[in-house]
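Trainee: In the order they appear, the protein sequences are chains W and F. As numbered in numbering that gives the first Met the number 0, residues 0 to 291 make up the first sequence, in order. As numbered in numbering that gives the first Met the number 0, residues 0 to 160 make up the second sequence, in order.
Fair warning: there could be bad hints in the mix.
[What the hints assert, rightly or not] Here are some of the chain F residues that sit facing chain W, going by a computed Cβ distance under 10 Å: (1) E43; (2) V67; (3) E85.
[Claimed, not checked] Cβ pair distances, simulated, as ranges: (4) A91(F) <-> R144(W): 17 to 27 Å; (5) V73(F) <-> S260(W): 44 to 54 Å; (6) V15(F) <-> H189(W): 30 to 40 Å; (7) K226(W) <-> P5(F): 32 to 42 Å; (8) D256(W) <-> N97(F): 51 to 61 Å; (9) A141(W) <-> K34(F): 44 to 54 Å; (10) A159(F) <-> L173(W): 52 to 62 Å; (11) L153(W) <-> R94(F): 51 to 61 Å; (12) G84(F) <-> D204(W): 58 to 68 Å; (13) E16(F) <-> D252(W): 51 to 61 Å.
To be clear, the hints were calculated from the coordinates, so they are not data collected in a lab. Predicted model, so just to flag it, every value in this text is computed and none were measured. C-beta atoms are modelled at their ideal positions from N, C-alpha and C, and glycine is treated no differently.
This is what each chain is made of:
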Amino acid sequence: MKASAFSYARATSIANAIELLEEHGERAKVLSGGQSLMPAMNLRLLAPELIVDIGALDELRGIVRQNGVLAIGALTRHVDLQNSPLIAAHAPLLKEAIAHVAHPAIRNRGTIGGSLAHADPASELPACVIALDATIVVRGPAGERRIAAEDFFLGIYETALSTEELLVAVEVPLPPSNAAHYFCEFARRHGDYAIVGLAAQAVVDTQKLGDFRPAFFGVGDKAVHVKMPALLNTDVTPKVLSGALQALGDALDPPEDQQASGAMRCHLSKVLLARCVAALLSRPDLSTWEPA
Amino acid sequence: MTAPLPISLEVNGERVEAYVLPRINLADFLREHLKLTGTHVGCEHGVCGACTVRLNGEIVRSCLMLAVQANEAVVETIEGLSDSGEISDLQAAFRERNALQCGYCTPAMLITAQDLLQREAEPGREQIREHLSGNYCRCTGYQAIVDAVEATAKARKSRAP
Numbered sequence: 000m001k002a003s004a005f006s007y008a009r010a011t012s013i014a015n016a017i018e019l020l021e022e023h024g025e026r027a028k029v030l031s032g033g034q035s036l037m038p039a040m041n042l043r044l045l046a047p048e049l050i051v052d053i054g055a056l057d058e059l060r061g062i063v064r065q066n067g068v069l070a071i072g073a074l075t076r077h078v079d080l081q082n083s084p085l086i087a088a089h090a091p092l093l094k095e096a097i098a099h100v101a102h103p104a105i106r107n108r109g110t111i112g113g114s115l116a117h118a119d120p121a122s123e124l125p126a127c128v129i130a131l132d133a134t135i136v137v138r139g140p141a142g143e144r145r146i147a148a149e150d151f152f153l154g155i156y157e158t159a160l161s162t163e164e165l166l167v168a169v170e171v172p173l174p175p176s177n178a179a180h181y182f183c184e185f186a187r188r189h190g191d192y193a194i195v196g197l198a199a200q201a202v203v204d205t206q207k208l209g210d211f212r213p214a215f216f217g218v219g220d221k222a223v224h225v226k227m228p229a230l231l232n233t234d235v236t237p238k239v240l241s242g243a244l245q246a247l248g249d250a251l252d253p254p255e256d257q258q259a260s261g262a263m264r265c266h267l268s269k270v271l272l273a274r275c276v277a278a279l280l281s282r283p284d285l286s287t288w289e290p291a
Numbered sequence: 000m001t002a003p004l005p006i007s008l009e010v011n012g013e014r015v016e017a018y019v020l021p022r023i024n025l026a027d028f029l030r031e032h033l034k035l036t037g038t039h040v041g042c043e044h045g046v047c048g049a050c051t052v053r054l055n056g057e058i059v060r061s062c063l064m065l066a067v068q069a070n071e072a073v074v075e076t077i078e079g080l081s082d083s084g085e086i087s088d089l090q091a092a093f094r095e096r097n098a099l100q101c102g103y104c105t106p107a108m109l110i111t112a113q114d115l116l117q118r119e120a121e122p123g124r125e126q127i128r129e130h131l132s133g134n135y136c137r138c139t140g141y142q143a144i145v146d147a148v149e150a151t152a153k154a155r156k157s158r159a160p
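Please model the entire structure based on the sequences and the hints provided.
Mentor: Next up, the structure:
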């Protein structure tokens, strides 16, 4: 189908974009790369009266390292993340995850800000920014707010952004030198939304996990950080891992859809967690966990 | 503001000035306004890949872009790539290997394959499959398409100085 009729405004500055959002409220939608918004409009799931196109705001583009963080502008495209030496050096989780996001033609337009603001519970980037303990920077008429990634996602397509606020940047803390990451997802075809996926970062010291942040996606109405106290700063034996997997099963209550049942998603989440811990600790013996 | 807006862009080397409604996507603009019907419209939500064009040298889904967003951009469609001879060897390989049947996916398949061949001199079959994974073909089963892209890569490499 085709999108219904709407008005179009090309924002000339961040302030101008916020003015437009303030004036039009829920009737307006921000257009960034358009790779989620345009399908939703073509399918008539969304019919905004005004599109505020922020595509010309070059100040929202690019990646810089400053004050202990990587600051990633909202308009930075997936392909820019994929090709950035800064991302490869300081946030390799993002680089790895991007390869699973849709297809090259989509990654040439889609932006990190757009993906996060869209907040699809099965998409990769929300889970990644949670795992990386990133901060989402938003600006509105009252000024700037900084929101921990974990608090930013509220539900399906729902975030802490108010209708007059614009997501301007994502700040990813520079990881310590002994940080390790893991990313894996199950999808029926390459580029599809994941049935279940896991993005994680941890500090690995003398074969022990510290600051372990596993974020699962496709398991509920938003990406979710499941805390794993049993795995922290301890020798992970098969018994310890079994206990953690049990706890994971208790923490998740995944939905059923045409792709998978809730039980299957729960099982796959456990498989991912076992593989993740095995990979982070370089302990292949742990990945062979079999469900009881 | 729902009235037509002026846009100016370059399409296949020619300057185009037009007035378009904001809701018109780039694929429909190319097809309906410029009569460049080699850009096909399949699913209209970014899944099938049939509407792939080049925008400022990069492949994009023209159904997921508004024509007004292409203001000041350089757009190349299959007509441009075909007329310039840029992909004549790839087109010949598609014909020789029966890499098309109904032809609906073919223009976008060629543009996407050429995008890969421009960055990888000798991509493996897995790499070809991955790069084409966003372009659906319901006739061939893909085997012949991968064959044609692989053969073109090899032929270009052997011709390279």
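Trainee: Each hint: holds or not?
Mentor: Now the hints, each set against the structure:
no.: 1; hint: E43; in the structure: holds (5 Å)
no.: 2; hint: V67; in the structure: holds (6 Å)
no.: 3; hint: E85; in the structure: violated (18 Å)
no.: 4; hint: A91(F) <-> R144(W): 17 to 27 Å; in the structure: violated (57 Å)
no.: 5; hint: V73(F) <-> S260(W): 44 to 54 Å; in the structure: holds (48 Å)
no.: 6; hint: V15(F) <-> H189(W): 30 to 40 Å; in the structure: holds (35 Å)
no.: 7; hint: K226(W) <-> P5(F): 32 to 42 Å; in the structure: violated (55 Å)
no.: 8; hint: D256(W) <-> N97(F): 51 to 61 Å; in the structure: violated (38 Å)
no.: 9; hint: A141(W) <-> K34(F): 44 to 54 Å; in the structure: holds (50 Å)
no.: 10; hint: A159(F) <-> L173(W): 52 to 62 Å; in the structure: violated (42 Å)
no.: 11; hint: L153(W) <-> R94(F): 51 to 61 Å; in the structure: holds (53 Å)
no.: 12; hint: G84(F) <-> D204(W): 58 to 68 Å; in the structure: holds (59 Å)
no.: 13; hint: E16(F) <-> D252(W): 51 to 61 Å; in the structure: holds (56 Å)
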